[in-house]
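Undergrad: Chain by chain, the residues:
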Amino acid sequence: MVVSAKVTTLTGNEATTEAMKLARVQTGVFFPIGPSDEVMETMRIRIDQGEMPNARIIQMENEKGVVSCQLGLSRVGIRSLFATCTEGLLWPASEIRYASGARLPMMIVITSRGIEPPTTVYPDHEDFIMMRDMGWLMFYCEDSQDIIDTIIQAYKISEDRSVFLPVFVGYDGWEVSHGKSRVILPDQDKVDTFLPPFPARDEGDYVSIDWYERCKLRRLQWTEFDREYHMEMKFTQVEALENAIPLIEEVGREYQGLFGSNHVGSLETDGCEDADIVLVTMGVFAPLVRVTAKAYRERCIKVGTIKLRAFRPFPERALSEAVGNAKAVIVVERNCRAAVYAELKSALYTHFIAEKRGKVPPMVMGRVVGLGGRWVSPTEIGQIIDEGVEAIKAGKVEKSMEWIGLKGISFDPLRDYVID
Amino acid sequence: MNKEAPQEEYIYKYFREKGVREFPVLGIGRQGFRSAVEVLADALVREGKYVQVGARLSGARSYGINIITLRFADISDIPTGFYPIYPDGLLAAHESFLSPDVSWRVTPGVSRSISALGESEGGTLMVCTPKPPESIECPLDFEGTVATVDAEAIFSERVAIQPAPYGITALGLFVRATGLVSLDAVKQSILEFERLRKKVRELNVETAQKAFEETKVLRDVKIKGKFSKDEYKKYEETLKTPAHGVVTTKLLGAAGDEPAYAWREQLPVCDQRKCKCIECLAAYYCPEGAISWKDELYHVDYDFCKGCGTCAQECTEDAVHMEDAEKVLANLGRK
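Sequence lines, in order, name chains P and F. Heads up: the first sequence begins at 0 in numbering that gives the first Met the number 0, then just goes up one per residue. Heads up: the second sequence begins at 0 in numbering that gives the first Met the number 0, then just goes up one per residue.
Think of the hints as simulated: they come from the structure by calculation, not from any bench. Hints may be right or wrong, so weigh each one.
Below are the BS3-like pairs computed for lysine-lysine, each with C-alpha atoms no more than 27 Å apart in a straight line [to be verified]:
| hint | chain 1 | residue 1 | chain 2 | residue 2 |
| --- | --- | --- | --- | --- |
| 1 | F | 215 | F | 130 |
| 2 | F | 215 | F | 225 |
| 3 | P | 406 | F | 232 |
| 4 | P | 301 | F | 17 |
| 5 | P | 20 | P | 155 |
| 6 | F | 198 | P | 5 |
| 7 | F | 12 | P | 301 |
| 8 | P | 395 | P | 355 |
| 9 | P | 20 | P | 5 |
| 10 | P | 5 | F | 197 |
| 11 | P | 20 | P | 189 |
| 12 | P | 344 | P | 355 |
| 13 | F | 12 | P | 293 |
| 14 | F | 17 | P | 293 |
| 15 | F | 197 | P | 20 |
| 16 | F | 17 | P | 5 |
| 17 | P | 406 | F | 228 |
| 18 | P | 20 | P | 63 |
| 19 | F | 233 | P | 406 |
| 20 | P | 301 | P | 358 |
Counterexamples of contact, computed for chain F against chain P with all Cβ distances above 10 Å [unchecked claim]:
| hint | residue |
| --- | --- |
| 21 | 129 |
| 22 | 140 |
| 23 | 160 |
| 24 | 163 |
| 25 | 178 |
| 26 | 182 |
| 27 | 213 |
| 28 | 224 |
| 29 | 225 |
| 30 | 282 |
| 31 | 286 |
| 32 | 294 |
| 33 | 322 |
| 34 | 331 |
By construction, the Cβ of each residue, glycine as well, lies at the ideal position given by its N, Cα and C atoms.
Working from the sequences, and respecting the hints, build out all of it.
TA: Okay, here's the thing in structure tokens:
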């Protein structure tokens, strides 16, 4: 496999701007929030230095304005990117729903940060997970190389005719966004052959008639369109998300053939074929979990890891097949909803029990770690694996969901003041 | 390595087998240590390694100390994270980081770096100080190599800035003491470091070379720590759950000892006749969050100001100037 030449170190935010340059993103729309504002600051420097000739930056008055601007840009066929986190996603909530309902491809990069209250700037996946019902495609990245690969592939997937949905790409704030790691940059020419320009949108398609009619008829709720076809429109939207599942794999194969990267597809598995325990994780913990799993493997406990790359559409079939031979699956989560754990359980039910595609479903355990940027060390991952071993020996799961690393508080948050 | 957690033993062995190296870097804000680690990461990648940099850049009320962990290896699976796991040494911007009186109270990251160093099997302790390696003290028992150089003096000889940004200069110390990266790669990375102007990059290449030449290295050193591991661990436990969410000046003790105060030679003073803006732009730039806008005027909380001069540089009306710290504090006392 041929891999192109330039090797460098980039932080996550710098990698996002690099991907914007390679994907020929024409507009960066923004309203600042840390740690994602550095993306637009870096983009401004690159534009001033002449590296992105056709690009421009638009600052709007708040995040709601930004996504509104992106809706317009997408409608006229301009590729755009918005980098934000937490409240910056909550502000434009109705515009985000609009984008997926009106099938307008755009990208929002989420530099994950814990949602307040209590206020924190340090990362967890909460703000990424909370967007799961918006109807967008969702991908998560582990380091700078992954960010470049994912953003380029995500544009191709989201702008494909059979999908045509907007996309979230996430990575951990501070740990990935401000941490340098080694990157191999793809060639601009190869990316141009891989990623076609934004497809023109036909005049007079059904969802834009809906928009135009709404504006023209002054937001008349009961148009004929709405009465007759609402459920069908919703079905096509959900079907589009399902169409993305095979498309992600196909685009991934093409990308891997051209650039040789392993950051392709809905999952990245490592040693799951013969593993007794499989750890499922997402984001910056992936290298940590892989290293610990490999250390355990040398001690004759067979541990495999799965890094989840696509969260929406949730790769139910692929995950169920990947964990098919394991006895226990442990999900290492960084969000307080335990979202991946819940969705994995329902996927395994469909695959093993309802459709009877495999022999016996594995035991599933969920472990929540690292919220608010709390430090997770290999010791804690090792403890999690040991708990999995005990569960296999006992034949049942003692604690199916637990939070690791809790310290305990001595005050009552609803009553005591924190005095400075 | 925590002997009570048995799984650590083979994770540690895996680290050693695969050659994953880790160096926490303790620096003060505005001294260029974050840039230095980025340059070092670039140099290592130039030589074919994979790197991960975890920077705990504390936000407002930072007390100045930043801990940046650099990990590198020949394999691509390197754990990320702010705090050190199995360090191969420590690079400290000042010997006061190793002094229990000062550094312990300030942030758990510093004490964790030191206790992790004490638990690993020796390593390379690098300190930017005029003292020779023989006279370096450590809170815990340490075996390995000690290296020192007065990077601040080397930089200040060429350019007088307060506080002196000698982070990149200190890379000469790193190269000489560890030998894990070549000086040529570091120099090349400095010359391509886009955050600095061209002349400043060339200046830093020269000071890094001088630091490389003047570094004193002492191998096979055994330092007896002032405290036993249990005493240090007990102290670390108190740091983990502070009584309040924010450590205040009351807990820091008398001003004048702590690193942030040791650095500040100048403090900002605002000329109120020139202070005209609707909202203070300099307040947005303060890395400590010490500036507030009270009664339509600039107001600095001198307990948290570390004298970096960013506000003076950013004030568009030229109203803020840096003056000698002693004078400013004396004037405050008189009011």
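Undergrad: Give a verdict on every hint.
TA: Structure-based check of all given hints:
With a C-alpha separation of about 10 Å, the suggested pair residue 215/F and residue 130/F falls inside the 27 Å cut-off, and the hint holds. A threshold of 27 Å between alpha carbons decides the hint, and for residue 215/F with residue 225/F the separation of about 23 Å falls inside it, so the pair holds. Distance restraint check for residue 406/P and residue 232/F: the Cα-Cα separation of roughly 16 Å lies within the 27 Å cut-off, and the hinted pair is therefore satisfied. Our distance criterion of 27 Å between C-alpha atoms is met by residue 301/P and residue 17/F, whose separation comes to about 19 Å.
Of the pairs offered as hints, the one joining residue 20/P and residue 155/P holds, with about 15 Å between alpha carbons and a cut-off of 27 Å not exceeded. Under the criterion of a C-alpha separation no larger than 27 Å, the hint pairing residue 198/F with residue 5/P is consistent with the structure, at around 26 Å. Of the supplied pair hints, the one linking residue 12/F and residue 301/P holds, its CA atoms being roughly 17 Å apart against a limit of 27 Å. The straight-line distance between the Cα atoms of residue 395/P and residue 355/P is roughly 21 Å, inside the 27 Å bound, and the hint therefore holds.
The straight-line distance between the Cα atoms of residue 20/P and residue 5/P is roughly 15 Å, inside the 27 Å bound, and the hint therefore holds. With a CA separation close to 22 Å, the supplied pair residue 5/P and residue 197/F stays within the 27 Å bound. Between residue 20/P and residue 189/P, the direct Cα distance comes to roughly 13 Å. Compliance with the 27 Å bound is thereby established for this hinted pair. A hinted pair counts as satisfied when its Cα atoms are at most 27 Å apart, and residue 344/P with residue 355/P qualifies at roughly 15 Å.
The suggested pairing of residue 12/F with residue 293/P holds, with an alpha-carbon distance near 11 Å, which does not exceed 27 Å. Using a Cα cut-off of 27 Å, the hinted pair residue 17/F and residue 293/P holds, with the two alpha carbons roughly 11 Å apart. Using a Cα cut-off of 27 Å, the hinted pair residue 197/F and residue 20/P holds, with the two alpha carbons roughly 25 Å apart. A hinted pair counts as satisfied when its Cα atoms are at most 27 Å apart, and residue 17/F with residue 5/P qualifies at roughly 25 Å.
Only pairs whose Cα atoms come within 27 Å are accepted, and residue 406/P paired with residue 228/F is accepted, the gap being roughly 22 Å. Distance check on the hinted pair: residue 20/P and residue 63/P sit about 25 Å apart at the alpha-carbon level, within 27 Å; holds. Taking the CA atoms of residue 233/F and residue 406/P, the gap is near 16 Å; set against the 27 Å cutoff, the hint holds. Proximity of residue 301/P to residue 358/P is assessed by CA-CA distance (about 20 Å); at most 27 Å being required, the pair is judged to hold.
The beta carbon of residue 129/F sits about 31 Å from the closest Cβ of chain P, which is more than 10 Å, so the claim that it is off the interface holds. Residue placement check: residue 140/F keeps its beta carbon more than 10 Å from all beta carbons of chain P (closest about 22 Å). At roughly 23 Å from the closest C-beta of chain P, the C-beta of residue 160/F stays outside 10 Å, upholding its exclusion from the interface. The claim that residue 163/F lies off the interface holds: its Cβ sits roughly 24 Å from the closest Cβ of chain P, which is beyond the 10 Å cut-off.
Chain P leaves residue 178/F outside its interface by the beta-carbon criterion, the shortest separation being 21 Å against a cut-off of 10 Å. Every beta carbon of chain P lies more than 10 Å from that of residue 182/F, the smallest distance being close to 18 Å; the non-interface claim holds. Look at residue 213/F: its CB is around 28 Å from the nearest CB on chain P, clear of 10 Å, so calling it non-interface holds up. The beta carbon of residue 224/F sits about 23 Å from the closest Cβ of chain P, which is more than 10 Å, so the claim that it is off the interface holds.
Interface exclusion of residue 225/F from chain P stands, the closest Cβ pair being 26 Å apart, more than 10 Å. Every CB of chain P is more than 10 Å from the CB of residue 282/F (nearest about 16 Å), matching its label as outside the interface. At roughly 13 Å, the least C-beta separation between residue 286/F and chain P is larger than 10 Å, which holds for a residue marked as non-interface. Here residue 294/F stays apart from chain P, with its beta-carbon at least about 21 Å from theirs, past the 10 Å limit.
Here residue 322/F stays apart from chain P, with its beta-carbon at least about 28 Å from theirs, past the 10 Å limit. Under the 10 Å C-beta cut-off, the non-interface status given to residue 331/F relative to chain P holds; the minimum distance is some 20 Å.
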